[in-house]
Amino acid sequence: MDQATEELTQSRDREPERKREIGHDEFDPIGTLVLIGLYFLILVALWFFMYFVEFLGNDPTVVGLVLTVVGLQ
Amino acid sequence: MSEARDAYIDNFPAEAKVVRAAFYSSFFALALGGVFGIIQTLHRTDFYRFIDPADYYTVLTAHGVFLVISFTIFFLVGIFTWAITTSLDREVEDIRFTWAWYLLMAVGITLSGIAILAGFIDSIDMSASVLFTFYAPLQAHPLFYIGLVLFVVGTWLAGLDWFRSWWAWKAENPDERIPLPTFMVLTTTLMWYLATLGVAVAILFFLLPWSLGLIETVNPLLTRTLFWFFGHPVVYFWLMPAYMMWYIMLPKVSGGKLFSDPLARVVFVLFLILSVPTGIHHQYLDPGIAEGFKFIAMTNTMFLLLPSLLTAFTVVASMEHGARQRGGTGYVGWLKALPWRDPVFAGMALAGLMFAAAGFSGMINAGMNINYLVHNTFWVVGHFHLTVGTAVALTFMAVTYWFLPQVTGKALWSRSVALGQVVLWFVGMTFMSNAMHRGGLLGIPRRTAEPQYDGFEFEAAVGSVGELDAQVALGGVLLTLSLVLFFANVIGTALNGRSDALPANEYAETLSGPEDAPLVLDNLKLWTAIAVVLVIFAYTFPLLSIIDRGGLLGPDVNPFPVSLESVAFLTFAVEHLGTAALESAGNAVQTVVPGVIR
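Quick mapping for you: the protein sequence lines, in order, are chains W and S.
Once you know that position 27 of the first sequence is 27 in UniProt numbering, the rest is easy, because the numbers rise by one and skip nothing.
Once you know that position 380 of the second sequence is 380 in UniProt numbering, the rest is easy, because the numbers rise by one and skip nothing.
Because the hints were derived from the structure by calculation, they are not lab data.
We put the CB at the ideal spot given by N, CA and C, even for glycine.
Watch out, some of these pointers could steer you wrong.
Chain W stretches covered by chain S per the calculated footprint, using a threshold of three residues with CB under 8 Å from any CB of chain S [stated by the list, open to error]:
#1 21-28
#2 33-41
#3 45-53
Some chain S residues near chain W, calculated using beta-carbon distances under 10 Å [claimed, not checked]:
#4 Ser318
#5 Gly330
#6 Ile370
25 Å max Cα-Cα, derived DMTMM-like pairs, lysine to aspartate or glutamate [as the list claims (entries may be wrong)]:
#7 Lys170/S <-> Asp52/S
#8 Lys17/S <-> Asp89/S
#9 Lys170/S <-> Glu509/S
#10 Lys19/W <-> Glu506/S
#11 Lys17/S <-> Asp25/W
#12 Lys17/S <-> Asp28/W
#13 Lys525/S <-> Glu172/S
#14 Lys525/S <-> Glu515/S
#15 Lys525/S <-> Asp52/S
#16 Lys17/S <-> Glu93/S
#17 Lys17/S <-> Asp6/S
#18 Lys170/S <-> Asp516/S
#19 Lys170/S <-> Asp500/S
#20 Lys170/S <-> Glu21/W
#21 Lys17/S <-> Glu506/S
#22 Lys170/S <-> Asp454/S
#23 Lys19/W <-> Glu509/S
#24 Lys525/S <-> Asp25/W
Can you build the whole structure from these sequences, using the hints too?
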């Protein structure tokens, strides 16, 4: 791409094509709710998964130590 | 033609030079840090080892300090100066003062850099292989600490420069609200002043005199705690400028407006209040700090999730506003209407996406009990490569493609290369960071040159350690390529001719403006006072208890400059102590066992 085309592309993309003007009262960020809700569900799922990684994926740590100390193991 | 141009360099030619100098200093540090990054990646994963393992820690120190101190902070003083001058629409009060703080920072970091790099040359009796955290008893050459002090004082003067501009503007506009970008700069600067008190005390009262030989010993737990007093809020010093870009640039490049100016102010106030009294969450495994104090730090940390989640909402809503104005429809279909081919937008959006992932690993780090699982493992390295290494670094690189033409007056060399660069960074970091996180769960340690041991293997439930190493190395190579593309663009732009078709120097408008924000949000004195009180609550008792137990200058610890001689000395000492201990243990057993048997 030569420089003239480059600059043209730049100035064109810099002025995003605005098809309509949406004001404060018309704007309903429902898509944001969907994305943030999805993120929340992912967090909950990972948090749940964490239990398996920490307590079932490894030998018990703190619990094992206590059992050893009090002579149950 | 040229009269019509309205770029930053046209309105603020003198300031543009300082901002440009700060950017170039930042990019130089990025280049150095990147080189050390790929060296250590290939060394650790055993794909290509050409340095001595003992030099690994010098490499690691250089990688850390150059990237998280010089790259980030030089860049942010550049954009903060841009933000102040642009949003107040006034030149700096005295350009000589502005150059003075820039030069002080440059001299400071150069001195520290010399001390670090001298560690590679055996004939020079100087080293600073103390890693970014410079924990005692690791000891650096005094030049390292002196350089850091000068650098931080430079940033303090920069903050004063921004405050001077605001004071002068306020005298002329007594009834106006603080413009949002200026508000962000001022709150971040106040947080920085408070945070750097910790590291200033650690260096000036303890580490520097100790390194100079004026005092014999230090209390390692005290200097560590003072380091983290600064070490956690410093991450927000890197992050706040990235947030600022997401709030005031991202809506504009998306084709919309910032959803809410008041929410943005609330977020920055919360960071001012909550950033500092959380540092002890880096010390969950430090003995000598009571669990109760750690619990308070954890509570404060969890509260810090609030401003980040508020940011997620506001920033995504602003992007959605842009997408809908561009004709986007549907629940998720609007995402397609966003300008993904614009590297400035794509880079920032991908950085934000990575930050969402980092949010989860951060929550794991923040929980006191779960932290035990990942503390000091490769997981933590994975976490901060998502935060500072992507959310911050990728945002900075992306906005560079907008700022560089603004401060040079030249067109960007190539937008296609820029787009490739930001995508490559995202892909490279996906490989590297996810493998680091998984490695951490297997117990693979961080800060280790060659994490492989005789007679022991890390066991992976899914995949293998070899596969993880391959992903880390592949990621590292992709990130290095991305950096090469970035520098090609920076150099190409610098060599370009003057352009007459630059966009105007503007930032995003707002849907809900400052007139909707309660006046109290602009009361900086109040928020600073609350921040100070919280710091006093969180730190007085832990610090007193540390001093009470270990003394102000601590128990007798030997300074330990990392060099080959000291390693040899240590080996010798360990062997002899070990033999002596074994002998005495043997003697004890000989004495006790017959007694027990009898």
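Here's how the hints hold up against the structure:
1. 21-28: holds (count 5)
2. 33-41: holds (count 4)
3. 45-53: holds (count 4)
4. Ser318: holds (9 Å)
5. Gly330: At about 8 Å, which falls below the 10 Å cut-off, the nearest Cβ of chain W leaves the hint on Gly330/S intact, so it holds.
6. Ile370: holds (6 Å)
7. Lys170/S <-> Asp52/S: violated (57 Å)
8. Lys17/S <-> Asp89/S: Given that 25 Å is the threshold and the Cα spacing comes to 17 Å, the pair holds.
9. Lys170/S <-> Glu509/S: OK: Lys170/S and Glu509/S at ~21 Å, within 25 Å.
10. Lys19/W <-> Glu506/S: holds (21 Å)
11. Lys17/S <-> Asp25/W: violated (42 Å)
12. Lys17/S <-> Asp28/W: violated (42 Å)
13. Lys525/S <-> Glu172/S: holds (20 Å)
14. Lys525/S <-> Glu515/S: With Cα atoms ~20 Å apart, Lys525/S and Glu515/S stay inside 25 Å; holds.
15. Lys525/S <-> Asp52/S: Distance of about 52 Å is beyond 25 Å: violated.
16. Lys17/S <-> Glu93/S: holds (15 Å)
17. Lys17/S <-> Asp6/S: holds (16 Å)
18. Lys170/S <-> Asp516/S: Answer holds: Lys170/S to Asp516/S is near 20 Å, not above 25 Å.
19. Lys170/S <-> Asp500/S: violated (34 Å)
20. Lys170/S <-> Glu21/W: violated (33 Å)
21. Lys17/S <-> Glu506/S: holds (18 Å)
22. Lys170/S <-> Asp454/S: violated (67 Å)
23. Lys19/W <-> Glu509/S: holds (18 Å)
24. Lys525/S <-> Asp25/W: Roughly 34 Å separates the two Cα atoms, so the pair is violated.
In summary, the numbered hints that this structure violates are 7, 11, 12, 15, 19, 20, 22, 24.
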